[in-house]
Amino acid sequence: MKNLFIASLVCSAILAQGSFAQEALRKAVDSNNWKKVKKIVNSGELEEIYCGKMSAKNATNIYGKHFKQMPDEAFAACPSQFAYGFGPKVCSMANAANACSGVIKYLLADGEKGSTKALKTLDEVAKAATKTKAFGKQSLVSVDTTVWKPCPKKGAARTKCIAQCKEDANSLMAINHDVNCKKNPEQMVDKTIKVYKPSPVFASLREGLSDGFWKAPMSVAGTYAALAGKYAKVLSIPDTAVTGLHYVKTWVAKHKGASLPGGQLFRFCTAWKGKVDPILSEAGFSTRCPVFKNFVDKRDKQVYKVKEIGGVDWFVENLNYNDPEGSMCYDRDDANCKTFGRLYTQEAAKKACPAGYHLATDADWKKLEEYAGGSREAALKLKSNGSDDYAFTAMFGGYANKTGVCTTMGEGAYFWTADSEEDSRGKARTMFSSDKDVGSISVDPSFYLAVRCVAGAE
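Mapping of the sequence shown onto the working numbering: position 343 corresponds to residue 343, and the numbering continues sequentially without gaps.
Hints are not guaranteed to be accurate.
To be verified - Here are the simulated lysine to any residue pairs, SDA-like style, with alpha carbons at most 20 Å apart:
1. Lys215 / Val242
2. Lys338 / Thr407
3. Lys298 / Thr240
4. Lys273 / Lys305
5. Lys149 / Val189
6. Lys351 / Val306
7. Lys36 / Ser55
8. Lys298 / Asn322
9. Lys293 / Ala457
10. Lys367 / Glu308
11. Lys127 / Val242
12. Lys230 / Thr240
13. Lys120 / Ala109
14. Lys182 / Gly155
15. Lys427 / Thr361
16. Lys307 / Asn320
17. Lys27 / Lys38
18. Lys351 / Arg425
Because the hints were derived from the structure by calculation, they are not lab data.
Here the structure is a predicted model, which is why all the values come from computation and not from measurement.
Please take these sequences and the hints and turn them into a complete structure.
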């Protein structure tokens, strides 16, 4: 009994020690005390990995051994740091298929938000994964399907089969089989067939690269197309799913005699710029890629695309001027500013646009919405994952509250107007990836939202 009591005390002490170490680790990581973090990790008292807002480089340097030994757990604990810092390495490990698939999906999701950093890392990950032989092996799986099978030659079974043939043809609107039911009747039967299925790693890459061109903002669509083309052969991506100039030629030919969908055309134009107009000309279309003016901000030499929409010159990119007093990058990550522009408080937003331009007013937005078909439908023609008919390309860069906590990247676009409500809250416009309307909301002026500039004095 005494020995059992002593063992219990020892066990409790070990658990308490581990708990204290875990709490100390969190405090050290959150205070950027990397020397102490390394000491705790090297002590062997760690219960689980914690990364907080640690950089991918730091996380890999500190937890590299843990990342390699338990990749699934490490990715679950630190998905961003693991994906960006250890992704190429884990996708070269034949026994880490689950973690590699998770990394690929994570990077694809960031890429679809417009992150060039994600796509650069994804290229490195794809290169490693496609060289790992274990990931290239296909598995033979059973799949339940239905097939047309000839009816019996005679008897009641044939009569019944012909009746079933007509019923199946009608329900499937299969005109050819309806005619066939008289001469060579067939019936639909359930059948299990064997098919080869790619590994989860290859399947994730193939689907993500094929769909990314259409899902991601136009600014990175060309990068997705290049990646799909680069890995098409090894991933067995069909030619019809690889978007390139040959695809554009086929697309243009299909629309001959009809109007070209503006959003798709602008996507091609953004990806291949001057190479699309000759294709349109050769096919006899008078339509051309949209023409943008380039505006150079004298304050920091950044260049913005400007386009006339409804008689008004709009920035068709979010402003990215650094006001140290009232602006920030999403998650305080400079890479997000390059993709989505900066986020501003309303006071900073009113002063942020360069000379000759002003923060879009409520009236400017109303005019834009009316030109795009009314606020209930306008987002479809203005957002990056809609038809984007006017190349306005609203991107879903999220927002930050007054304490700098960021949210809804990839889901919502929030823009300040220069106007305020009677209660001193600021007026803002919103668009969401899943909705078709442009919303008008009142927001605490100390929140951080995106800015679009309009030509002329306010």
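Now the hints, each set against the structure:
1. Lys215 / Val242: holds (14 Å)
2. Lys338 / Thr407: Given that 20 Å is the threshold and the Cα spacing comes to 17 Å, the pair holds.
3. Lys298 / Thr240: violated (45 Å)
4. Lys273 / Lys305: holds (14 Å)
5. Lys149 / Val189: holds (7 Å)
6. Lys351 / Val306: Status holds; Cα separation ~19 Å.
7. Lys36 / Ser55: holds (16 Å)
8. Lys298 / Asn322: holds (13 Å)
9. Lys293 / Ala457: holds (19 Å)
10. Lys367 / Glu308: Roughly 13 Å separates the two Cα atoms, so the pair holds.
11. Lys127 / Val242: Satisfied, since the Cα-Cα distance of roughly 18 Å is no more than 20 Å.
12. Lys230 / Thr240: holds (15 Å)
13. Lys120 / Ala109: holds (13 Å)
14. Lys182 / Gly155: holds (15 Å)
15. Lys427 / Thr361: Holds: Lys427 and Thr361 sit about 9 Å apart, inside 20 Å.
16. Lys307 / Asn320: holds (17 Å)
17. Lys27 / Lys38: Between Lys27 and Lys38 the Cα gap is close to 13 Å, so the pair holds against 20 Å.
18. Lys351 / Arg425: Cα-Cα ~17 Å, so holds.
Checked against the numbered hints above, the structure breaks only hint 3 and satisfies the rest.
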